[in-house]
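Note that the protein sequences, when read in sequence, are chains F and U.
All residue numbers for the first sequence refer to numbering that gives the first Met the number 0, where the first residue is 0 and numbers rise by one.
All residue numbers for the second sequence refer to numbering that gives the first Met the number 0, where the first residue is 0 and numbers rise by one.
Just so you know, these hints were derived from the structure itself, not from any lab.
Incorrect hints may have been included.
Stated by the list, open to error - Coverage of chain U stretches by chain F, computed from C-beta distances (three or more under 8 Å per stretch; other residues unrestricted): (1) 16 to 24; (2) 177 to 187.
Said to hold, decoys possible - Below, simulated EDC-like cross-link-like pairs (lysine to aspartate or glutamate); rule was C-alpha separation at most 20 Å, straight line: (3) F/K61 with U/E533; (4) U/K66 with F/E172; (5) U/K132 with F/E9; (6) U/K66 with F/D176; (7) U/K105 with U/E136; (8) F/K61 with U/D281; (9) F/K61 with U/D303; (10) U/K440 with U/D314; (11) U/K309 with F/E172; (12) U/K309 with F/D50.
Said to hold, decoys possible - What the simulated footprint calls covered on chain U by chain F, stretch by stretch (three residues with Cβ under 8 Å from a Cβ of chain F suffice, anywhere in the stretch; the number is not a length): (13) 118 to 126; (14) 138 to 151; (15) 200 to 210; (16) 216 to 224; (17) 295 to 306.
Even glycine gets a Cβ: it sits at the ideal position worked out from N, Cα and C.
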Amino acid sequence: MLQVISLLVENKPGALMRITGVLTARGYNIESLTVARTLDPTLSRMTIVVDVDPNLRALVIKQMNKLINVLQATDVTDDHRAVTREMVLLRVRAPLEKRTAVLKEAEIFGARVIDSSVEGFALEATGDPEKLDEFIGIMRSYGEFDIARSGVVALSLRPRRPRLSPPVPAPGETGADQTPGARNGQEVLRSGRRFEAARR
Amino acid sequence: MAVLMNGARMLLECLVREGVECLFGYPGGVTLPFYDAMYDHPIRHVLVRHEQNAAFAAEGYARATGKVGVCCATSGPGATNLVTGLVDALMDSIPIVAITGQVSTKLIGSDAFQEADTFGITRSCTKHNYLVKNLKELPQIIHEAFYLASTGRPGPVLVDIPKDVFQGQGHYHPVSSIHLPGYKVYTEGHAGQIRRAAQMIWEAERPMVYAGGGIVAAGAAAELRELVEIIDAPAVCTLMGLGALPGDHPNFISMPGMHGSYAANMGMYSTDLLIALGVRFDDRVTGRLSSFAPHAKVIHVDIDPSEIGKNRAADLPIVGDVKRVLQKLNPLLRELEPELGERKAAARRAWWRQIRAWQQEHPLVPAFSDSEIKPQHVMVEIDRLSGGKAIVTADVGQHQMWAAQFIRFSEPRHWICSGGLGAMGFGLPAAIGAQLARPDKLVFAVLGDGGFQMSVPELSTIASYGLPIKIVVVNNGYLGMVRQWQELFYNNRLCAVELDCFPDAEKLAAAYGFKGRTVERPGELARALEEAVEEPGPYLLNIRVSPYENVYPMVPAGGAINEMVLGPPQPVPVPK
Ligand SMILES: Cc1ncc(C[n+]2csc(CCOP(=O)(O)OP(=O)(O)O)c2C)c(N)n1
Ligand SMILES: [Mg+2]
Numbered sequence: 000m001l002q003v004i005s006l007l008v009e010n011k012p013g014a015l016m017r018i019t020g021v022l023t024a025r026g027y028n029i030e031s032l033t034v035a036r037t038l039d040p041t042l043s044r045m046t047i048v049v050d051v052d053p054n055l056r057a058l059v060i061k062q063m064n065k066l067i068n069v070l071q072a073t074d075v076t077d078d079h080r081a082v083t084r085e086m087v088l089l090r091v092r093a094p095l096e097k098r099t100a101v102l103k104e105a106e107i108f109g110a111r112v113i114d115s116s117v118e119g120f121a122l123e124a125t126g127d128p129e130k131l132d133e134f135i136g137i138m139r140s141y142g143e144f145d146i147a148r149s150g151v152v153a154l155s156l157r158p159r160r161p162r163l164s165p166p167v168p169a170p171g172e173t174g175a176d177q178t179p180g181a182r183n184g185q186e187v188l189r190s191g192r193r194f195e196a197a198r199r
Numbered sequence: 000m001a002v003l004m005n006g007a008r009m010l011l012e013c014l015v016r017e018g019v020e021c022l023f024g025y026p027g028g029v030t031l032p033f034y035d036a037m038y039d040h041p042i043r044h045v046l047v048r049h050e051q052n053a054a055f056a057a058e059g060y061a062r063a064t065g066k067v068g069v070c071c072a073t074s075g076p077g078a079t080n081l082v083t084g085l086v087d088a089l090m091d092s093i094p095i096v097a098i099t100g101q102v103s104t105k106l107i108g109s110d111a112f113q114e115a116d117t118f119g120i121t122r123s124c125t126k127h128n129y130l131v132k133n134l135k136e137l138p139q140i141i142h143e144a145f146y147l148a149s150t151g152r153p154g155p156v157l158v159d160i161p162k163d164v165f166q167g168q169g170h171y172h173p174v175s176s177i178h179l180p181g182y183k184v185y186t187e188g189h190a191g192q193i194r195r196a197a198q199m200i201w202e203a204e205r206p207m208v209y210a211g212g213g214i215v216a217a218g219a220a221a222e223l224r225e226l227v228e229i230i231d232a233p234a235v236c237t238l239m240g241l242g243a244l245p246g247d248h249p250n251f252i253s254m255p256g257m258h259g260s261y262a263a264n265m266g267m268y269s270t271d272l273l274i275a276l277g278v279r280f281d282d283r284v285t286g287r288l289s290s291f292a293p294h295a296k297v298i299h300v301d302i303d304p305s306e307i308g309k310n311r312a313a314d315l316p317i318v319g320d321v322k323r324v325l326q327k328l329n330p331l332l333r334e335l336e337p338e339l340g341e342r343k344a345a346a347r348r349a350w351w352r353q354i355r356a357w358q359q360e361h362p363l364v365p366a367f368s369d370s371e372i373k374p375q376h377v378m379v380e381i382d383r384l385s386g387g388k389a390i391v392t393a394d395v396g397q398h399q400m401w402a403a404q405f406i407r408f409s410e411p412r413h414w415i416c417s418g419g420l421g422a423m424g425f426g427l428p429a430a431i432g433a434q435l436a437r438p439d440k441l442v443f444a445v446l447g448d449g450g451f452q453m454s455v456p457e458l459s460t461i462a463s464y465g466l467p468i469k470i471v472v473v474n475n476g477y478l479g480m481v482r483q484w485q486e487l488f489y490n491n492r493l494c495a496v497e498l499d500c501f502p503d504a505e506k507l508a509a510a511y512g513f514k515g516r517t518v519e520r521p522g523e524l525a526r527a528l529e530e531a532v533e534e535p536g537p538y539l540l541n542i543r544v545s546p547y548e549n550v551y552p553m554v555p556a557g558g559a560i561n562e563m564v565l566g567p568p569q570p571v572p573v574p575k
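Could you put the whole structure together from the sequences, leaning on the hints where they help?
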């Protein structure tokens, strides 16, 4: 079964590569991946759908959380309060005699016509991925056809605030204390510290 | 006050703030500005003879001190040569920072001369890496790199710096703070979990302490010893953890795993409570996971949450710095002792009797012979000369396992070898880093004849810096560990493992201007080693040992930890 992973990541070069690296190092094939910035332009929200061995799912999430650029990685596969949606654009070739039928089907699935010409239509549909599969299957029967799918985007409605680390002082002129573990003491993670507070 | 300077100079300013005294490197085209800035700067640059050895030497420096080791290489081939050292540091959680030059920002992506995608190549070889696109970011990134390398679970961090960033002029503003919101380090450990751990420990009948490299990284040897003494449990240290408990401590029952002691492995198999501290249940320790510590509950303390439950489920996970956790656990154990301490005392006495019986049944005994030098004998002599105090670096192979079995260490950071990666060619450059970090220490580099020949160029570095390293080549004429596997698992069909034409050690050392010799007879061994130690400079000692000696005990790969092969098959008596 596919795993749906939702990540909040710093919008930094290489971040995507590090995250997908956790999966590609194991030879996993990514089914879909979407990424775009959030309300805070320095952060991106990413949704990855991937077939992960069920025993390794928790580990994969932990390894993603370990990445410096990842603020939070969560498994939303079984999160009942998570919504997942995907968008598909379809180009359907529809000769005159089939146009009404195509439009009828589109209406049933709540798809919108975004372009229309003598050859056919361009349609846009959003929904959960299985529903889209059905829609695509039906539209395909009308003849020449092409699609572009966005990949799944997911959002959990559970208020899950990422734990963020506060700033720590950089070493001054006298130099850093380099005794083993010394710096660990400086940055005790204040659990429950609010996302907004820490980012300020 | 902001001072105008170029990027190279700024980098040096940051390195000074980080307390860097020396760095190991090799120059090239794009790092020229950096080397020019070092020309009249007090920071010490150690010129190694190959970039791989710059990384290994930085690791040796870091492993011997706990401080961040720094290495530096030029773009393209310089950077790619660092890769093995980076992965080695990643596998063993060693704090190093690698600085690499890159072609100018305008040329990146154009297949420019000596361009390689260092940022991409080293992504999976580092804890984190950076490509500095802008001089303004440089100081911030350098401090972040040191911070990441040295905190949490330590590891290698690489900073790739284009030539124009080195050359660009800017006002240097010292960095006041480091902010990495997504870098999660949990140091304290959950108080409730620690209390439960204390209870579980007193309730166990057959507790076993399993201590690893995390103890060394956290500087928690004193706390470990305290724990072991409060609960009086037998303890094993992994290959990475040797020295975390003194080698002659009565509770220390040696190393577990593929070439661990019989008592350690039987103990790991039979325990009912495994107290795992800064370890990662590596396959070389556990053997077949399904039959590893099958009767045990597991308390697993580690600073890296992704290690917990990775290979073995933990009944009681504690995410935290093992030093801090033990500082809280030990007083709790004391507090609970009057109430719970006696409850399982009888069972625990029986457990100790069992452990002692295993130790007596199959002790780790070195082989000796009058006619040829046994490699184990070499280790016993080094142990005698060291008295637990010398730094010993090892390469990878049979000699490494014998050294781990027979040389004792009274403190951490004295035993230095490539554990997780098992990288041949590590031992000699690591000794260079260790000796530079600890000029006060006697340093032995214990190498195989194979690994030594991977590192020969560094004899020149040793000579030029006058490093009094005692290079001990345990020369069996073979890639011994591979030969052992071919003998045991491939019908003794020895293929590509014979190393003939070993150079004359005396002449080789003399060619570099220091002393060396070959010993072949057991009677000469002790004196030869003493002479090497007495020599004020470097010394190359080539010891011809029996070629066909195997390392035992041995848990065959994928085997159960309690099913060790204890020695060579005994000759079957021929019926008359
Ligand atoms: C870079 C590298 N290449 C290959 C190996 C595989 N390997 C492991 S042990 C070994 C033999 C080492 O021979 P030697 O240095 O003579 O040590 P010995 O085992 O004889 O003590 C080899 C080839 C390795 N660990 N590292
Ligand atoms: Mg050999």
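Taking the hints in turn, this is what the structure says about them:
no., hint, result
1, 16 to 24, "holds (count 3)"
2, 177 to 187, "holds (count 11)"
3, F/K61 with U/E533, "violated (52 Å)"
4, U/K66 with F/E172, "holds (18 Å)"
5, U/K132 with F/E9, "holds (17 Å)"
6, U/K66 with F/D176, "holds (9 Å)"
7, U/K105 with U/E136, "holds (17 Å)"
8, F/K61 with U/D281, "holds (18 Å)"
9, F/K61 with U/D303, "holds (9 Å)"
10, U/K440 with U/D314, "violated (42 Å)"
11, U/K309 with F/E172, "violated (41 Å)"
12, U/K309 with F/D50, "holds (19 Å)"
13, 118 to 126, "holds (count 5)"
14, 138 to 151, "holds (count 7)"
15, 200 to 210, "violated (count 0)"
16, 216 to 224, "holds (count 4)"
17, 295 to 306, "holds (count 4)"
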